[in-house]
Amino acid sequence: MHRLALASMEIEDFGAVCARTVVAGVEAVCDPLGALYLPETRLLVVSDLHLEKGAAFARRGMMLPPYDTLATLKVLEAVIARHDPAIVVSLGDNFHDRVGSAHLPEVFRAKIADLARGREWIWINGNHDPDGTVGLPGRSADELHHAGLTFRHEPSLLSPLGEIAGHLHPAATVVRREKAVRRPCFATDGRRLLMPAFGIMTGGLDLRHRAMTGLFEKQSLVAHMLGRDRIYSVRFANLRG
Amino acid sequence: MSIIDSAAGLSLLPKPFADWFAAKGWQPRAHQMELLARATAGESLLLIAPTGAGKTLAGFLPALTDLTRRGRVPPGSAFTGIHTLYISPLKALAVDIERNLMKPVTEMGLPITVETRTGDTPQAKRQRQRLNPPDILLTTPEQLALLIANGEAPRFFKDLKYVVFDELHSLVTSKRGHLLSLGLARLRRLAPGLATIGLSATVAEPMELRRWLVGQAPGVESHAGLVTAPGGAKPIVTILKSAERVPWSGHSAKYAMPEVYAAIREHRTSLLFVNTRSQAEILFQELWNINEDTLPIALHHGSLDVGQRRKVEQAMAENRLRAVVATSTLDLGIDWGDVDLVIHVGAPKGASRLAQRIGRANHRMDEPSRAILVPANRFEVMECQAALDANYLGAQDTPPVGEGTLDVLAQHVLGTACAAPFDEDALFAEVTSAAPYADLPREKFGRIVQFVATGGYALKTYERYARIRRTAEGLWRVSNPQVAQQYRLNLGTIVEMPMLNVRMVRRGAKGTVGRGGASLGKVEEYFLEMLSPGDTFLFSGKVLRFEGIRENECLVSQAFSLDPKVPAYAGGKFPLSTYLADQVRGMLDDPQRWGQLPEQVRDWLALQRDVSALPRRDELLIETFPRGSRHYMVAYPFEGRLAHQTLGMLLTRRLERAGRRPLGFVATDYSLAVWALDDLGHAFTIERPSLRDLFDEDMLGDDLEAWLDESFMLKRTFRNCAVIAGLIEQRHPGQEKTGRQVTVSADLIYDVLRSHEPDHILLEATRADAAAGLLDIQRLGDMLARIRGHIAHRRLDRISPLAVPVMLEIGRETVAGEAQDFLLAEAAEDLIAEAMGEAGR
Numbered sequence: 127m128h129r130l131a132l133a134s135m136e137i138e139d140f141g142a143v144c145a146r147t148v149v150a151g152v153e154a155v156c157d158p159l160g161a162l163y164l165p166e167t168r169l170l171v172v173s174d175l176h177l178e179k180g181a182a183f184a185r186r187g188m189m190l191p192p193y194d195t196l197a198t199l200k201v202l203e204a205v206i207a208r209h210d211p212a213i214v215v216s217l218g219d220n221f222h223d224r225v226g227s228a229h230l231p232e233v234f235r236a237k238i239a240d241l242a243r244g245r246e247w248i249w250i251n252g253n254h255d256p257d258g259t260v261g262l263p264g265r266s267a268d269e270l271h272h273a274g275l276t277f278r279h280e281p282s283l284l285s286p287l288g289e290i291a292g293h294l295h296p297a298a299t300v301v302r303r304e305k306a307v308r309r310p311c312f313a314t315d316g317r318r319l320l321m322p323a324f325g326i327m328t329g330g331l332d333l334r335h336r337a338m339t340g341l342f343e344k345q346s347l348v349a350h351m352l353g354r355d356r357i358y359s360v361r362f363a364n365l366r367g
Numbered sequence: 016m017s018i019i020d021s022a023a024g025l026s027l028l029p030k031p032f033a034d035w036f037a038a039k040g041w042q043p044r045a046h047q048m049e050l051l052a053r054a055t056a057g058e059s060l061l062l063i064a065p066t067g068a069g070k071t072l073a074g075f076l077p078a079l080t081d082l083t084r085r086g087r088v089p090p091g092s093a094f095t096g097i098h099t100l101y102i103s104p105l106k107a108l109a110v111d112i113e114r115n116l117m118k119p120v121t122e123m124g125l126p127i128t129v130e131t132r133t134g135d136t137p138q139a140k141r142q143r144q145r146l147n148p149p150d151i152l153l154t155t156p157e158q159l160a161l162l163i164a165n166g167e168a169p170r171f172f173k174d175l176k177y178v179v180f181d182e183l184h185s186l187v188t189s190k191r192g193h194l195l196s197l198g199l200a201r202l203r204r205l206a207p208g209l210a211t212i213g214l215s216a217t218v219a220e221p222m223e224l225r226r227w228l229v230g231q232a233p234g235v236e237s238h239a240g241l242v243t244a245p246g247g248a249k250p251i252v253t254i255l256k257s258a259e260r261v262p263w264s265g266h267s268a269k270y271a272m273p274e275v276y277a278a279i280r281e282h283r284t285s286l287l288f289v290n291t292r293s294q295a296e297i298l299f300q301e302l303w304n305i306n307e308d309t310l311p312i313a314l315h316h317g318s319l320d321v322g323q324r325r326k327v328e329q330a331m332a333e334n335r336l337r338a339v340v341a342t343s344t345l346d347l348g349i350d351w352g353d354v355d356l357v358i359h360v361g362a363p364k365g366a367s368r369l370a371q372r373i374g375r376a377n378h379r380m381d382e383p384s385r386a387i388l389v390p391a392n393r394f395e396v397m398e399c400q401a402a403l404d405a406n407y408l409g410a411q412d413t414p415p416v417g418e419g420t421l422d423v424l425a426q427h428v429l430g431t432a433c434a435a436p437f438d439e440d441a442l443f444a445e446v447t448s449a450a451p452y453a454d455l456p457r458e459k460f461g462r463i464v465q466f467v468a469t470g471g472y473a474l475k476t477y478e479r480y481a482r483i484r485r486t487a488e489g490l491w492r493v494s495n496p497q498v499a500q501q502y503r504l505n506l507g508t509i510v511e512m513p514m515l516n517v518r519m520v521r522r523g524a525k526g527t528v529g530r531g532g533a534s535l536g537k538v539e540e541y542f543l544e545m546l547s548p549g550d551t552f553l554f555s556g557k558v559l560r561f562e563g564i565r566e567n568e569c570l571v572s573q574a575f576s577l578d579p580k581v582p583a584y585a586g587g588k589f590p591l592s593t594y595l596a597d598q599v600r601g602m603l604d605d606p607q608r609w610g611q612l613p614e615q616v617r618d619w620l621a622l623q624r625d626v627s628a629l630p631r632r633d634e635l636l637i638e639t640f641p642r643g644s645r646h647y648m649v650a651y652p653f654e655g656r657l658a659h660q661t662l663g664m665l666l667t668r669r670l671e672r673a674g675r676r677p678l679g680f681v682a683t684d685y686s687l688a689v690w691a692l693d694d695l696g697h698a699f700t701i702e703r704p705s706l707r708d709l710f711d712e713d714m715l716g717d718d719l720e721a722w723l724d725e726s727f728m729l730k731r732t733f734r735n736c737a738v739i740a741g742l743i744e745q746r747h748p749g750q751e752k753t754g755r756q757v758t759v760s761a762d763l764i765y766d767v768l769r770s771h772e773p774d775h776i777l778l779e780a781t782r783a784d785a786a787a788g789l790l791d792i793q794r795l796g797d798m799l800a801r802i803r804g805h806i807a808h809r810r811l812d813r814i815s816p817l818a819v820p821v822m823l824e825i826g827r828e829t830v831a832g833e834a835q836d837f838l839l840a841e842a843a844e845d846l847i848a849e850a851m852g853e854a855g856r
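So the sequences go chain by chain: X and C. Every number in our numbering is 126 more than the matching position in the first sequence, counting from 1. Every number in our numbering is 15 more than the matching position in the second sequence, counting from 1.
Note that these hints are calculated values from the structure, not bench results. Treat the numbers as computed from the prediction; the structure is a model and nothing was measured. Where hints are given, some of them may not hold.
As the list claims (entries may be wrong) - Here are the simulated DSS-like cross-link-like pairs (lysine-lysine), alpha carbons at most 30 angstroms apart as the crow flies: (1) C:Lys173 to C:Lys118; (2) X:Lys200 to C:Lys173; (3) X:Lys237 to C:Lys118.
Said to hold, decoys possible - Quick partial rundown of chain C residues pointing at chain X, CB under 10 angstroms, derived from the structure: (4) Arg479; (5) Arg565; (6) Leu839.
Yeah, the Cβ is synthetic: ideal placement off N, Cα and C, and Gly gets one too.
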């Protein structure tokens, strides 16, 4: 929840709290709010928003708080205001279930329209919402190729070079002095980059989990971890002290 | 033993009973006859009796005699519901009681059917029990909740005459007790004539239990009658007076192992109690290291595999073991063979717990129990002495029953709807007849019903997904059958930390991991997160090598390391009870009482008096001294480790604000050390800040609130409440969620809810729960009030004798919570240093 607090803070020097990285020769900035910004093309990437997750659970009888969409959009608003991108790419699992975007309350729909005004907005389809979005600005696609990078929801085992993907909700665990601290992270080995989940009510999967096997060159893998008020970059080999 | 000889008393016993007692050469005991007479007359009763006093038989006599008079129900009669319900806190105890009860029933040839119903009872038998109930049903609180959530409950319970609660003192203090009290309220409505019989060990407040047993009405307190059995022989308790040096700190009591082993050798069967599971592992290991006679010594704690625990219990019952190392899993009254010695390693932390554990030795009340206390460090020597004095004085420090919690109420409300549509006002009347809920405001009850229906959020978007809805007649009913199915799957009040099964595997030649072997038990997930493959730890009495996590299992192999990391289990540490803390303070303040203490401890205290001062009973002693490049402050509040940790966190914040540059703190059960870059002694002398301001009660205001909301403790409490209240399911029909998924989302849900609806009913429940569960905050408040104006500051030029134990803890403990990002920064600095190196090349 520190991201929500962080979203409402005035930050003078973005450079100090963000981390720079390079993916397949393209410069990128990891923002501690959980978004990736490509300055050259003014493109902002967020992944796994999982909007309407609370409502999706309520439909199945678990009355989770109905505030997650609002909170996620607040953080999204802050990160868009900060970088003022020309293009926004939402990298799939934009909604937690198939009917999510159709059932979206009007007030949130209007909010998204506000955020998209004057920008290009691309919804990449995810496994939770493969049918695209209903009644929202922007266009839907399964993949996007842009500026030498490929944007897709699920990382592909075949073509890692220049891939920006989500889906796995990567998180890294730092162990120091017999204490473990786990945080969502951007994970990159310089060839591909996995995005942290942006949705406020989403969990994480450790980089050491089997699902991550074969995705990265371990030697050059760096976890850009989302700290309380900045990104902490830790080499994979250094996670455990 | 006193014998009842009045004709009136004996006439209560039907002939088969009188003959049976006579044939055994026994006499019914006075309390058994008194209870029989009064319960037969329809009175609800609390029986307080020590172990071995024939409590169980006493509890069942009214039912057995009544059923004998009634005779067997002739075939073809109208449906007859159960006559007597027996509720036990443990499944195993219910099974044990069935064995014990069947003995007299068979020997006397009584026309009575007795059956158990637990989580292990096969579906077919449950079905049969519903159609053809036994006369006496032995069960657990969870099973009762399931039974009353069924539409057939009115028929099943209509003939209920007695409800017997075993180990009532341990049942009522938990959320299980709250759920049970609501179940009892329902039973009273279904069978208005029933009488309750509570069986209990000695407790501090019998009135609370007596109130719990009967229905309450607004403005009037009602109580069950009281029957007391005379106490048995006084236990013989000694403190191990070791020839070895008692260490300053630590919890292993390693120094005393040869003497402990000698004691085991001299007795038939010994029970060794410790306070935490990791202590149990260490003690077990240490004993086997010196077990030259290879005595059969076993290990028993809650994380071990069930099959393994049952094996130990079986061996114990058959007297095949010489000793068992155990935690509180063996506290309650299952009958174990012939235990003739209880050894308590480490301080007991509470006088009642000690009495209960000592009672495990020698289950015959006419012979004294024998027990040896083994303090692990010098402070524990005093604590053991205080507990020992308390045991002789009969002082008790059992926890209070506490107000009924709201999460449990939510679960009960949903269960009620699953049984039949209910009227909100009628249910409110029933709920408030249960003692723990007697003071529940109507408005709060309404909010709980709303919570059950749609989550009770200020933002009303879930109406169309409601789990319960109002019918045209104004009754609440479940929306669809899945709701009832979900309720039954998730019922109960015991929420486990996410745990992973530990499985032994064989390592292949190239370090590959083989297929699964035996399951050893469960270990908390957060502990495993700190391990890397190759690390070793102590579990199930073995040193294990961590191989990795596969699916939901932790794979381990046999290791030969001599220096294992030790499992750190959550919630294993009991806080020092307020009563014992006060006794220890009193002992320190009164050199007259030092005579009971070993010479080395006396010398230690005398030296402290000479170089600094001893903490007075109603005073807070603060010592400040420099050491190395740092300045230390040591305080001696004696309020338990958890309270001290909270205090340490709050003091550090204040010192930080005062610009004194604090670096860290560490807490023990007795004292607290804070260290800083600035000279704290000097700062206090010039009153920047003054000690009076530093320890002002207002620290429990905003600082505490801010910290609490962020703390792991509150999140864990929220998770428990959310699971019990049914906000988060542990299990969903068709797909079992793993503990991991529940934790992750519970923390996130907590954060979202706290930031958007901070006064939501579940957050209210969480805070109330945390405040009650963590009596430490209350203790801290009481302490700060007590010491106001009574702070004694000693500025020393070096460490004092009394400060040594807490100073030795430095480095073993680090601060949690706020330090998290600090650890991240540290890890990130590594990378920066590396990057700088690369740039320079």
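Quick check: which numbered hints come out false for this structure? 2 and 3
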